[in-house]
Each structure stands twice: as C-alpha cells, then as structure tokens.
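Asker: Using the hints provided, position chain L relative to the given structure of chain S.
Order-wise, the sequence lines are chains S and L. Quick note: the first sequence, position 121, residue 133 per my numbering, numbers continuous. Quick note: the second sequence, position 52, residue 64 per my numbering, numbers continuous.
Hints were generated in silico from the structure; no laboratory data involved. Quantities reported herein were computed from a predicted structural model and do not represent experimental measurements. Please note that the accuracy of each hint is not assured.
Intra- or inter-copy, both count: the list cannot distinguish identical chains.
Straight-line C-alpha distance at most 30 Å; calculated DSS-like pairs for lysine-lysine [as the list claims (entries may be wrong)]:
no., residue 1, residue 2
1, K361, K61
2, K199, K327
3, K327, K244
4, K348, K199
5, K348, K361
The lines below spell out each chain.
Number of protein chains: 2
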Amino acid sequence: MIPPTIEWISGTEGNILPGHVRMIDQTRLPLELSYLETADVETIWRAIKTLQVRGAPAIGIAAGFGVLAGIQSMNTDDPAELAAEAHRVADHLATSRPTAVNLFWALDRMRAVASAGDVSVGSLKERLAREALAMAEEDAAMCRAIGEHGLTLLDGVDTVLTHCNAGSLATARFGTALSPVYAAREKGRVLHVYADETRPLLQGARLTAWELMHAGVEVTLICDNTAAHVMKSGRVGAVLVGADRIVANGDAANKIGTYGLAVLARAHNIPFYVLAPTSTMDLGLSHGGQIPIEERAAEEVTEGFGTRTAPEGVKVYAPAFDVTPAELITAMVCEKGIIRPPYHDALEKLSGAL
Amino acid sequence: MIPPTIEWISGTEGNILPGHVRMIDQTRLPLELSYLETADVETIWRAIKTLQVRGAPAIGIAAGFGVLAGIQSMNTDDPAELAAEAHRVADHLATSRPTAVNLFWALDRMRAVASAGDVSVGSLKERLAREALAMAEEDAAMCRAIGEHGLTLLDGVDTVLTHCNAGSLATARFGTALSPVYAAREKGRVLHVYADETRPLLQGARLTAWELMHAGVEVTLICDNTAAHVMKSGRVGAVLVGADRIVANGDAANKIGTYGLAVLARAHNIPFYVLAPTSTMDLGLSHGGQIPIEERAAEEVTEGFGTRTAPEGVKVYAPAFDVTPAELITAMVCEKGIIRPPYHDALEKLSGAL
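So here's chain S without its partners, still in its complex pose:
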C-alpha cells in the first residue's frame, strides 16, 4: 500500500548488481508521483542536492546506492582499485549535502566495507551491494518496529495530529511519526490524521498530505495556527511527531512549531509522543539548551511560493527547529520500544543496551 521511497532495482534475477536506483522524485510532489530511475552517480548526487530525495534516513540510503552505482560497472581485477573508486565516489557524494549526518554515517559504512579488503573484486562488489541493501532494509524494519510499538499507545484513539513530514517519504518506508498510522491501517484500523501544513516549507501540505492520501489514509490539512482550535474541539486523541535530535535529559529538537504543539497538547490534556530511531539520540548533550538552532533564509518566509508576500527588507526570524522540553513529552517511541519518563535514566539504560 505505501510504496518504497527509494529502492535498488536489480537487472538480473539472483544478482544485486548490475542494477539501478528507483526513488520517488519528491520535488514533483504533491502534483504528481514520478520516479527517478538512474545508475548514474552524478544524477544521484544532484537528487540529494536538489531534494528529489530528502529526510535523513532516505538520504543515507540514496548515498549507499550511489556508491553501488559508481562501482558496479568498473572493469578491473584489482580489489584495491575498486576500493579506491568506492572511496572516491563516497567522498564525492558527501559533498551533496554537507550538513546531513546520516549521509556521512551511511558513506562511512560503505567505506568500511570497501576497506575490509582481502577478497576478490567480485566478492567486494557483492559485499558493498549487501551493505547498501542492508541499510535500506534496516531502516524499513526500524520504522516498522516504531510503528508497532507506537500503535500500542493509541488504544481508543481515532484521530491524531502531526507536524512536518516524519513519514514514509523521509525514510526507506513507513516513516517514524506516521508509522503507527500505517501499522493501524494494515490491521484494518482507521486512524484519521490532521496534518499541519508546516510553514515555511510546507512539508505537511506537500508531503505528509500526499503520502497519507496515496496510502488511502484519511487526512485533513490545516494551517499551523489552527491546531489549537482543533484540539479544543476535542477532535485530537494524540499528537505524533518525529525528532531531529534527542538529548540526555529527554529534550527533543524537531521542526519549528513542534514545541508550541507540545504546550497546546498539555493544555488540552492530549498525549504528546515523539517517535524516532535510537540513531536520533545524542546523549553527549545533557539538555536542549545546548542544541544549536539553525536559522533559515528570510526568503523562505517572504517569497516561498514564487510570489513575494512581505515587504522588501523586512526583518525575519526563521529558526529551522525548536526544542520541546522533556516534561511536555508523554512518551517516546524508538525501534526498541516505548520510553517513559524519567527520560534521563531510561535513555541512559537504553544507551547501555545499544
């Protein structure tokens, strides 16, 4: 029902290589569903750069596949030469989005396999291919687990509210915050979703609304400023959001607007859940005040739709995300299960168990 965001298509039965990447071209959404299919490294580099693929896990997977595309047709008998080429392609792909942590993490996994050495060219190609596919499968499995765990929190809930896109389109498949919605649907249970449009870049309107409609989930789009009114009307049973970073005390950074939703949820006695893989946890920081807040360009607010909608020269404050304090988070969900307050101890235990 919910199509893979990105996958490797093998050309011949039984062999992973040669093959090509097939990804949803997210720059064409929500107007049309079209796929980018390519085995060209430059095209994959540009796809990451221009947000044809976006969302930290999906970017990492694209990079892994990009390395495969770069080495699969290499004609050499020297495994060292193949390994060097894999490193060269990885270095190049790393320049596509210089601040994407998952990109570097995925490329490092490919580099480590390339450097393990002492095998034939054929075996090395096979190992690289298995590693790239494993990253995609692991991500889908992790998202799936988040969905199953998350769904256990939603007994008796028939409507949830979400912000931005922590959905299938940000991952290999299923997503994080939206995964329980898909898990429910597979069990024949209907969860209705209110999707914040999420200014300034409208990921909720463009991506979340699209992927839920495409999967046959009933979704209602609202402006960000309408969430409070919808909550007051009693129509929201839970808020589900993703996270960009969760620190040791349980404070969570996520798309701008998430913190306000958490305050509103508390005021309306609505549970507020953060769903994110353990890779999002950064226990090196002790509290949310230590998370640097990136500011975005004023133009994303003043002329985000090709039309200028604010005076020339107006001062704009456009932080990319905000920090929700742990005390407003009812529970967290990761691939290993549910995490409940007090978060400091729970996250430390989890980290020891990782």
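Answerer: For chain L alone, kept in the frame of chain S given last:
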C-alpha cells in the same frame, strides 16, 4: 508618521464638497504604496468588493464617502430627490460586501441623515458630508483612545507580539491592537513588534509588517508556528490582538490562531490583551460557543500564492477565526478604558454606560 488609510480630499478651501476619496490601495501592498483617488461610486463599490480597502471600520468609512461621491454633483432643487438618490447609492454600496456589518451600520447613518429632511439641497449635502467625515474622525479618535489606554498596560514592556492586522490599515488611522505601538512611538518610546504572518491570507506579512515598517516601527516577521519558540526565549512582553466579536462573558472571537496564542501566552506567563472598540461587543450572546465559525475555501490554504502547494482533492479544514475564552484574556482595552475580569460584570456596566 502613520498615513490615513482613507480620507476625503476637498477640492475647494472651506467646503467639504465637491471632493474625492483618497485611500491606500491595499491590494498593491506590500510591494508598493499607491493610492486610489476617485469620486466615482462604481470605483468605490469595486474598491470595497476587491479589498482595495478592508477592515471593518475602514469599509464603513469608504461607504460613507461613497454616498458623498454619489450625491455631490447632483443638480436639483428638490431635497427629496437628493435624499432618494442618497438612499439609492447607499443600497447599491451595501451590495459590495454582503456580510460586512460595519458597512450597513455606516450606510444606515447616512440614510438617517438623508431622511431627516426639511432642509435645502445645499444644507442636506452639507449634513451628509459632515456625517461621513464624522465617522472617519470618530474612528480615528476611538483608535487613538484605545492606543492611549493600551499603552498604560505596557510599562516596562519593550517587545510585543501581534497576529493578523488590527492596525491602521483596518481603520481610518492608528488601528486597534497596534494603536499602543503608535502611541508609544509618538512619545519617543520604542516598542518592537513580532508580527505573525497569519496563514492563510498572510495579513501579518502583507499588511502589519508593511504598516509598521512604513511608520518606522521595528518589526520582525515570524511564521505562526514560531510564536511559541519566541515566547519561550523571553523576548515577548505582551501579546496584543484585535477582536471580531466580544460576547457577554468576555469570550472573544478573532482571526484563526488567536486562541492558540492565548494558550501559549498563559503557559509563558505573558499578558494577553484584546484591543477593540465597544462596537465589537455583542452582549446578546452569552458565551463564545454561540458564535458561528465561518469556514473559508480550501484553495486559500492549498493555492494561496498562485502555486498549488497541496495535493489535488485534499480535505482542508480552514476556519476563519477561533474563540479565546475570557479566562485567558488578561485585560481588554476599548476606547472608554481598560476592562478587567470578571468580564461579565464589567461588560454589563460598560454597556449600561454606552
């Protein structure tokens, strides 16, 4: 410093008539300040219809001036004929925005003067002219009074946050929620303003940011979903908003998003003030639940900027306003002074005093 939104320009010294209307063409904002100058009833009708002039008080004033434009050059000795023409023009102008209460109220004032009769054509023209000008002057004076009273609430405050446009552009001059900011500026005091962009129609970005910049007030534009983060950072000393309707128990309807701001203000211990003239008070309704909530067209959310930004056929919930319960309102400000809780008694007393 802050230019009149709409005024009557007399052609000859000492006489009100003949003359013409001069209004800021708000459809050209925020890109350019241009004026519509006309003595043609059809042009004024269209200006109201197409939102070249908007905001309840400003629309009422435009309508009064429209009647003047319609009768000023009438060549007759029969006052009954002049009165009939005034009624005919008023009936026509009333069709420009069929749900605008201030429009009908202003036209009724003009009709009452036209029907008072028993005077010469010259005197009747003069009386109509004085009535139309009085409405503009009364509105500016009322806004000015709201500003002076409101400013007394802002001792020690250097930054306020506002939503939508309850500014000069919605009135003859000065505005309601923004009037204390202009009053402060006249006294040489600097108040910095955070302006919510106010989706879906972006009145904050297009109008509030423009009029504050034009008046030399320091303004920072934010997305609606950023207000919570700004409040948490300690940068907001008070929230100032207008109102569309205030009912007997003090509940106040205003632009969608206002209620959420009130909840957030309470959570951050920031005073939340509603500034509106007594004409906004509708004591015939006992509580906010009785106020009907108008829903806007989905297209305002999905393709508000000439570009489609959400999937075709997506379900949208777009209420035009929400209701802030009285208990979240720190104080109200009207032209007669400050109103404090318990609002039911205060509003009843005020109504007796009207």
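Asker: Now tell me if each hint is right for this structure.
Answerer: Hints and how they fare:
1. Taking the closest pair of Cα atoms, K361 and K61 never come within 30 Å of each other, the shortest separation being 37 Å inside a single copy and 64 Å across copies.
2. Taking identical chains as interchangeable, the C-alpha atoms of K199 and K327 lie at most 30 Å apart only when they sit on different chains, with a minimum of 24 Å there against 49 Å within one chain.
3. Taking the closest pair of Cα atoms, K327 and K244 come within 30 Å of each other only across two copies (20 Å); inside a single copy the shortest separation is 33 Å, beyond that limit.
4. Proximity of K348 to K199 under the C-alpha cut-off of 30 Å is restricted to the intra-copy arrangement: shortest distance 21 Å within a copy versus 61 Å between copies.
5. Proximity of K348 to K361 under the C-alpha cut-off of 30 Å is restricted to the intra-copy arrangement: shortest distance 12 Å within a copy versus 61 Å between copies.
When held up to the earlier numbered hints, the structure conflicts with hint 1 and nothing else.
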